[in-house]
Amino acid sequence: MIKRAILFFIIAIAVSSCENDIDAVMELDSKKAATENGQDIVIIFSQGGKVNAKLMGPTMERGLDKPTYVAFNNGLKVFMYNDSLGLESTLSAKKGKFMEDDGDVFLSDSVIVINKKGERLDTKELNWDPKRKIFYSTKEVFIKTPTDSLHGWGLEANQDFSEKKILKVSGPITVQDSTAALN
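This note's numbering runs 423 ahead of the 1-based position in the sequence shown.
No lab work stands behind these hints, which were simulated from the structure alone. Hints are not guaranteed to be accurate.
To be verified - Simulated pairs of lysine-lysine, BS3-like, Cα-Cα distance not exceeding 25 Å:
1) 518 / 556
2) 489 / 473
3) 540 / 489
4) 588 / 567
5) 547 / 477
6) 591 / 567
7) 540 / 477
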């Protein structure tokens, strides 16, 4: 009889100690439900019926809590096209994050941009401001063209990278002779 009373007492203690706080459970459940995940992502961007870009990534996470975001934590590649679907440039990075509310894009870790002229930008971090329609960085940048190699810190460039400015240039710079074309 004593054994049964002890067993009953142990079971009662175990059952009463397994109480869950309903608020904690709801908070945990809401955090888990506040993200969407996807694999083998392909997104086509178009405007006015014309394709502007194609984004591909192995995984995507979308956070639904404010501020909402879309993150590519395992890499992404973007192909940017002109009006006749000609490839203008490609962009790749190991990580990317798009803030849905303001449209800002943050790219990091081995960011590479190559435009149709064969110019290549390498940097650790690149940001896109859709309101100003520019790419910018405060990190170290390397630009390689068919004729030059440029190095520095900080960058501003237009959306198709046809115009770009290194904010703090470092190393030798080759200046072409502007009078050579006149002779």
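Hint by hint, here is what the structure shows:
A C-alpha spacing of about 21 Å is found between residue 518 and residue 556, which places the hinted pair at or below 25 Å, so the restraint holds. Our distance criterion of 25 Å between C-alpha atoms is broken by residue 489 and residue 473, whose separation comes to about 31 Å. Distance restraint check for residue 540 and residue 489: the Cα-Cα separation of roughly 40 Å exceeds the 25 Å cut-off, and the hinted pair is therefore not satisfied. Taking the CA atoms of residue 588 and residue 567, the gap is near 13 Å; set against the 25 Å cutoff, the hint holds.
Restraint check for residue 547 and residue 477: the C-alpha separation of about 22 Å stays at or below 25 Å, so the hint holds. Distance restraint check for residue 591 and residue 567: the Cα-Cα separation of roughly 16 Å lies within the 25 Å cut-off, and the hinted pair is therefore satisfied. Using a Cα cut-off of 25 Å, the hinted pair residue 540 and residue 477 holds, with the two alpha carbons roughly 20 Å apart.
Hints 2 and 3 from the earlier list are contradicted by this structure; the remaining hints agree with it.
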